[in-house]
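Undergrad: Sequence:
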Amino acid sequence: KNEVIRLSADCVEKSYRSEIIQTIKAHTTPLHATISSIQEQLLISEQVSQKSCSTLSDKIRDIESRVVGFQDNYSVHSMSFKREIESTVDRLLRDKHVLGNM
1277 KNEVIRLSAD CVEKSYRSEI IQTIKAHTTP LHATISSIQE QLLISEQVSQ KSCSTLSDKI
1337 RDIESRVVGF QDNYSVHSMS FKREIESTVD RLLRDKHVLG NM
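With the first letter of the sequence shown counted as 1, position 75 gets the number 1351 in our numbering; the numbers rise by one all the way through.
In short, the hints are calculated from the structure, not lab data.
Remember, it's a predicted structure, so these values are computed and weren't measured experimentally.
Do not rely on the hints blindly, as some may be mistaken.
Derived EDC-like pairs: lysine to aspartate or glutamate, alpha-carbon spacing no greater than 20 Å straight-line [what the hints assert, rightly or not]:
hint, residue 1, residue 2
1, 1327, 1316
2, 1372, 1360
3, 1372, 1362
4, 1327, 1338
5, 1301, 1289
6, 1358, 1348
7, 1358, 1340
Construct the entire structure; sequences and hints are all you get.
TA: This is the structure in structure tokens:
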């Protein structure tokens, strides 16, 4: 009789254990799927932000090179303009000097 009770108790315990394990699996499986999905989305957003940063860096380098190009052009034009003004002033001074001597 005691053996039957013990076997029945073992059987009930195994059944409860099995039920508990199934319940835990039922709850944790979707959780694992959600965690995997979140990790995947984080990876994708990290890749997108790295690409955006890279694109932004390229744009900044492009702007910097344009600024340098503009500065170089400005310097060349500025020197050219300065020489033009100096030659005009020299010519006017010569003309004035020539006219003054007449």
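Undergrad: Give a verdict on every hint.
TA: Taking the hints in turn, this is what the structure says about them:
1. 1327 <-> 1316: holds, 17 Å
2. 1372 <-> 1360: Cα-Cα ~18 Å, so holds.
3. 1372 <-> 1362: Since the Cα atoms of residue 1372 and residue 1362 sit roughly 15 Å apart, the hinted pair holds (cutoff 20 Å).
4. 1327 <-> 1338: This hinted pair holds, its Cα atoms lying about 16 Å apart.
5. 1301 <-> 1289: Distance ~18 Å between residue 1301 and residue 1289 Cα, so the pair holds.
6. 1358 <-> 1348: holds, 15 Å
7. 1358 <-> 1340: violated, 26 Å
Of the numbered hints stated above, the single one contradicted by the structure is hint 7.
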